[in-house]
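Student: Numbering (this note's numbering), first residue to last: 5 to 634.
Hints may contain errors.
Restraint ranges, calculated between C-beta atoms of paired labels, are given here [what the hints assert, rightly or not]:
#1 343 - 486: 31 to 39 Å
#2 170 - 112: 20 to 28 Å
#3 485 - 556: 27 to 35 Å
#4 34 - 339: 44 to 52 Å
#5 556 - 584: 17 to 25 Å
#6 287 - 583: 30 to 38 Å
#7 622 - 152: 57 to 65 Å
DSS-like cross-link-like pairs, simulated, lysine-lysine; straight-line CA separation at most 25 Å [to be verified]:
#8 525 - 31
#9 142 - 181
#10 86 - 31
#11 88 - 31
#12 553 - 582
#13 31 - 522
#14 31 - 483
Quick caveat, the hints were computed from the structure, so don't treat them as lab data.
Built from N, CA and C at the ideal position, the CB exists for glycine as well.
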Amino acid sequence: MSDEVINRKIAVILVADVVGYSKHMEKDEDATLEAYAECEKILKSLLNKRQGSIFNTAGDSVLAEFSSAVNAVECAVEFQNKIKARNQSEQTWTKLEYRIGINIGDVVSREGNLLGDGVNIAARLEALCQPNSVCISKSIYDLVVSKTKVTFNDLGVQKVKQNQFHAYDILLDPSQKRKIESDQSSTSNKLVLAGVTVLVLLMGAVLYSFGLNSDQSRPVGNQRDYTQTDIRRVLIRPAQFLSGNDSLSYLAPGFTTYLNTTLSQHPSLNIVPETTASYVDRNGLTNTDVRAEYGIDYIIDNTIQISGKKIRVSTKISNLITEQVVASEVYEFAEEEVFEYQDKISGLALQKMSMMVRSGVSNQRISTDPMIYKKHILAQANMLSWTPEGHFKAIGLIEESLKLEPENAGIKQMFAWLLQQKVYLGLSENTEKDLTSSLEIAKQNLKFRDAGTIDAIALASSNEVMLGFYNEGCSRLPKMNQLLGEKQSKAGPHDYAMTAWINQNCENFEVALSTYEKLFKISPHYPAWVRYYYTYTLLALNRYEQAEKFILENENLKYSYYGTNEVFKLCLVYIAHKKNEFNQATTYYEEYEAMPNSLSLGYLETDFAAARSKIFFSDFGKVLRTYGMP
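With the hints as constraints, model all of the structure from the sequences given.
Tutor: In C-alpha cells, the structure reads:
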C-alpha cells in the first residue's frame, strides 16, 4: 500500500473556452493568436481582482480556482461583459466568444494541478454553455443566488457524458433564455429558444451549436446557402475492412487516403488529419463527441466487404450540424474498377456537402496501375507506423513499385523519405550513403514536381541539414516559413512538423517552438516524434521546468514511434541533473533501464540529427554517461 497522502480540498472551479477556436485559426492564425492574447490579458486581470488563479491551460481553454463562489461568478460575468464590449468595438477585427462553466466540489491537488469530478463537472458545464454566457451547477447557484444581482435560468438535471448534474444559466441577455430537451441517450443538448416558431427553433439550435452571432445566421439543411468563403470541417473515419481476404485489405487504407487527398484539394474543405481520425476511431468517439470536441461538420464512413469476386463498399455521410445522414450508398465493383468508384465516392461527398468540383481541384493518385497503387497504399500504411518492422515492409513494397515504374516521381519521393526514415530509426548501415541518395532524389523532384510545396522543399532541406550542408538546407527555411504562413495555405500536419524540425536544426529555436505548438493545435494526435523534438528544443533553450511539465503530461500516452518513452525518460534524467536533483536523476535512469528499448548515445545523436549547434547534445551525452549510458 502506498504511503502517499492524497491532498484533497474543496474548491470553486471555473473553466473558460473559446467558441470555434479551430475555425478562427484556419481563417487567420496570426490574428486569432493576437486576439486570444488580448482576451487572456483581460481574464488574468479579473482573476487577480477576484482572487482567482489559473491552475491549468489546455490549448484555448483556461482552468481557474477560487475560494469564493461569489468571486468566481462575478469574475465570469464581468469577463463576458468585457469580451462583449471588445467584440462590439469597430477596432476589433477578430471577435472571440467564450463559454464558461463553474462548479464547486472536492478536488485532488497534485503538483500544482487540480483533478477530480469537481473539475470534470465544471468542464461539462462549459460544454453545455451557450456562447457569450455562463453555466453553473446548482451547488454554485445555492451559494450565490442571494448574493448577486444576476438573473438565472433553471435548466434542470442534465447528463453530459458520464456526469449528471443540475445546471443553471446566468442570463447576461434575455435572448439567452432557453430550455434543453431531455434526451439521456444523447449528449448533444440541443438548444431551443422559447416562444418562437419551429423553423426558428431549429435555426437557433444550429446557430448556438456553431457559436454564431445573429448577423451570421443561415438556413439549415438543404436550404443552407453555402458561399465561396464557407469552410467545412470534415472527418474521414478510417475505412473498415470486414472480410478475411488479406490480398484486398489494402482497400481500406486506400479509400481513406484517397478521400483525404482528393477532398483536401477543395478550397472550402478542411480535412481533419488522419492521425486525429485514427484517434477518434480507436477510442470509439461518437458523432456527438466528435462535433463537441473537434468542431466537425461532416463525417464520412466507409465499410468494405468482399462478396464473391466483387468488392462492396458502403458509404455513409453524416451532417453533424443537422444531425442527419445525408447519404447512404452501397457500391459493388471488381478490383480493376477501384479507381472509378473512388472517384464516385469523392464526387458523392462533394455533392452532399453542396460543392462543385472547381478548376484546380482534381483527383490524384500515385499511379493508374492498380498493382502499383496497391503497393503504395500498403507501403504508406507501414511507413506511418514508424517502427523498424513497418519500415522494412514499406521499403520492400516501394522497391517493387520502382521496378515497374522507375520514373514515377511520387514513388521516388516516397522512397527518398523512406531512406531518411531508415536513418531516423537507427537502421542504416551507411548513414551518409542513404541520406545522399535521398537528397539526390529530392533535388531531381524539385526541378519538376511540386517545386513550390513545403513537402518537396522539406525533403531536400532535411537531408541537407542531416548531412551538414547547413548553408543549403537552412537557406530554404524562409520559403518554407512563408508558405506555411500564407492565409490560403493548404499545409498539412507533416508540413508543420518538418518546418519546425528544420527550424530547430538551423538554430531557429523560437520559430521551431511556435511551429511545433501550432502543429499540436491542428493535429493533437500527430506521431510522437514531434513531441520529443519539441522537448529537445526546450532543453536547448534551458527551459527545464517547461520541458519537465511537458514530458510528465505526455509520457503516459501510447506512442507508436520507436523509443519515444525512452527518450522522454532520458530527458527527465538530464533535467533532474541540471536541477541538482541527483537522486531523482538516478531513479529516472533506473526506470529507463527497465524499459523495452535500449538506446545508445550514437542513436540519440543521429536522432537529434545534425543540429548546427552541438552544445546541447554534447552536454546531454556527458550527463547521461555519468549515470551509465553507453
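Student: The structure should be examined with respect to each hint, and the outcome stated for every one.
Tutor: Cross-check of the supplied hints:
1. 343 - 486: 31 to 39 Å: Distance hint for residue 343, residue 486 holds at roughly 35 Å.
2. 170 - 112: 20 to 28 Å: holds (23 Å)
3. 485 - 556: 27 to 35 Å: Since residue 485 and residue 556 have Cβ atoms about 31 Å apart, the given range 27 to 35 Å holds.
4. 34 - 339: 44 to 52 Å: Check passed, 47 Å falls within 44 to 52 Å.
5. 556 - 584: 17 to 25 Å: Holds, since residue 556 and residue 584 (Cβ atoms, about 19 Å apart) stay within the stated range.
6. 287 - 583: 30 to 38 Å: holds (35 Å)
7. 622 - 152: 57 to 65 Å: holds (60 Å)
8. 525 - 31: holds (14 Å)
9. 142 - 181: Within the cut-off at roughly 17 Å; holds.
10. 86 - 31: This hinted pair holds, its Cα atoms lying about 24 Å apart.
11. 88 - 31: The given pair, whose Cα atoms are some 21 Å apart, holds under the 25 Å limit.
12. 553 - 582: holds (15 Å)
13. 31 - 522: Holds. Residue 31 to residue 522 sits at ~14 Å (cutoff 25 Å).
14. 31 - 483: holds (21 Å)
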